[in-house]
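Protein chains in written order, with my numbering: chain X, 1 to 523; chain D, 524 to 654.
Incorrect hints may appear among the rest.
Listed below are the simulated DSS-like cross-link pairs for lysine-lysine, each with C-alpha atoms no more than 27 Å apart in a straight line [claimed, not checked]:
(1) K140/X / K540/D
(2) K527/D / K354/X
(3) K140/X / K527/D
(4) K342/X / K155/X
If we take Cβ atoms under 7 Å as the criterion, some of the chain X residues that face chain D in the derived model are [stated by the list, open to error]:
(5) V39
(6) R116
(7) C118
(8) E205
(9) V252
(10) N357
Hints are computed from structural coordinates only; laboratory data are not their basis. Positions of the beta carbon are idealized from the N, C-alpha and C atoms, including for glycine.
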Amino acid sequence: MNVLVCGGTGCMASDSEKVIKNLELIIKARGFENEVQVVKTGCFGFCEQGPIVKIEPDDIFYVRVAPKDAKEIVDEHIIKGRKVERLLYHNPEDNKKVSKQENIPFYKRQLRVALRNCGFINPEDIYEYIAAGGYEALGKVLTKMTRDEVVEEIKKSGLRGRGGGGFPTGVKWEITKKQEDETKFIICNADEGDPGAFMDRSILEGDPHSVLEAMAIGGYAIGTNKGIIYIRAEYPLAISRLMVALGQAREVGLLGKNIFGTDFSFDISIKYGAGAFVCGEETALIHSCEGKRGEPHYKPPYPAEEGYWGHPTCVNNVETFANIAVIINRGAEWFASIGTEKSKGTKVFALAGKINNVGLVEVPMGVTLREIIYDIGGGIQGGHKFKAVQTGGPSGGVLTEKDLDTQIDYNSLIEVGSMMGSGGMIVLDERDNMVDIAKFYLEFTMDESCGRCTPCRIGTKRMYEILDKITSKKGTMADLDALKQLAYMVKDGSLCGLGQTAPNPVISTMKHFWNEYLELVKS
Amino acid sequence: MQIKSLEELRKIKEQYKDRVKLRSKAETSGEETEILIGMATCGISSGSRETLNAFIEELDKEKLEDIKVIPVGCVGYCHSEPTVQVNIKGQKPVLYGNVKKENVHELIEKHIKAGHPVERLILSTDFETVE
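Given the sequences, and given the hints that come with them, work out the whole structure.
Set out below in structure tokens:
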């Protein structure tokens, strides 16, 4: 038998060391030291209820254990096998005691929809995907649903584009479907370029068939038999897994001619991107697919009307596709029951920066930043103080302490001056200088500007030069004014999303951390 | 074999169901023991390929032939890569983090052979997955 006691910082601060000592003393006094081991573990991530003690293999989880409780745990639980009721977690929602760790609500904060198979199936074995329920949605769609019903189902689900735009997916499908053209295309945008974002890569590496299946469903709905995956060449593993998946799907006839014995045929080809950030913008992506320079063009016409080689083209993001099969299988109502009024379902975020649990999380829309950063992300590294979080990558902005309780969805993040973006979240602590952060992002967008329009091409360059001057402590108040003015000029005058959002990190750090700019200028 | 109807797909699903049954949290009716290793970019860059090779070598050496080693994608715990999940029939799956090749011997001896999970490497999971 093992007695696990949390030795994380939070629990240590609330006397877990003494709890361990008392447990050991009493176990020894009762003569069980050979059968029962007291183990000091890492943080359970439930610090506010610490110290935590867990008994294995009984799988009983005690909270707020004081040193004086050690005796009761040993005598009652370990020796007599009876749970110590008063030390169990008390769930305020239903007023019940919870004894198993996994039943504590905190441990269920994440809900995996898009990531449902990642880490659980072999991505290079189509039979494992099928065993997990894969391709059933495609079968259902092709044999039991009309194209209109599919579009209607996706519309009803409230699914919005997960690449960051947040455009309703069902509406995009509907517009593309309505176009009168015999040739149409469906494209998967796998050109994930935000610094620190790797949601799409993980989905493609861990569950490539979920994207292929959804593309076929989308192809059926909009009325095309040609799909293209535009993926950046920097993702070699994702590419090779996609290749394997495509080969296997063709082999068993889930791609190709007359799928499920119907008259629907569909196949997918892969195009490689050369790593230009702007090619994640759908019009630039389409140009790149055509072999032209990856430059955006003015919308309208939207790709849904006039896209790849002038034909109606539906462009959806990897994560958007990863949700489709689940919506078909479980129904639009189920999907729409998750999330907030205007943002349904879940969102995958990539946590990076000064956060303890760097990694991927998938949470229902409407959770707060605080829950993501502290409860799921485990708080700030090294016990430092939280300063800001950058969401939306180089197009987004910083959010500070006062925004931590904002419920995350597409609209609320825009209201507080940032955006959902594709899901990168970079956490910054008190040691980070915000002007440096703004400069980092601006250097990125300056490099990535395609050069087509002047405000973006020259504006980002000049903004970067001013920021460089400021961070080298050579800046003046006039530079700050010029930077601010230029920021709004670039924002208002640029052709595409890249330029229109490139100044956001500067604008938002100026708004929240004006003092840091002033300090650099004054010194 | 070509799948030409929903019925055929479901037949295949039934046929292969046991393969993944062992992995869902509560199900225990699988046939064998399996070891899932996170082999996405994050895992590989932290050494999961070495971990995987170490498992294969050691299992081979110990003649533990009914144990399958399966490469899988990323479970999202990039902070603790390489991640390894051990699923043994009749037991709750256990997810380990930071499993370097040096830890493989210990996992095989203690958990797979003797049935005692190595607590110090266990990651607690905090998500539920749609069916």
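We went through each hint and held it up to the structure:
1. K140/X / K540/D: 19 Å, holds
2. K527/D / K354/X: Violated: K527/D and K354/X sit about 51 Å apart, past 27 Å.
3. K140/X / K527/D: 13 Å, holds
4. K342/X / K155/X: Holds: K342/X and K155/X sit about 13 Å apart, inside 27 Å.
5. V39: 5 Å, holds
6. R116: 5 Å, holds
7. C118: C118/X check passes; min Cβ-Cβ to chain D is 4 Å, inside 7 Å.
8. E205: 4 Å, holds
9. V252: 5 Å, holds
10. N357: Holds: closest Cβ of chain D sits about 5 Å from N357/X, inside 7 Å.
Violated hint for the displayed structure: number 2, the only one.
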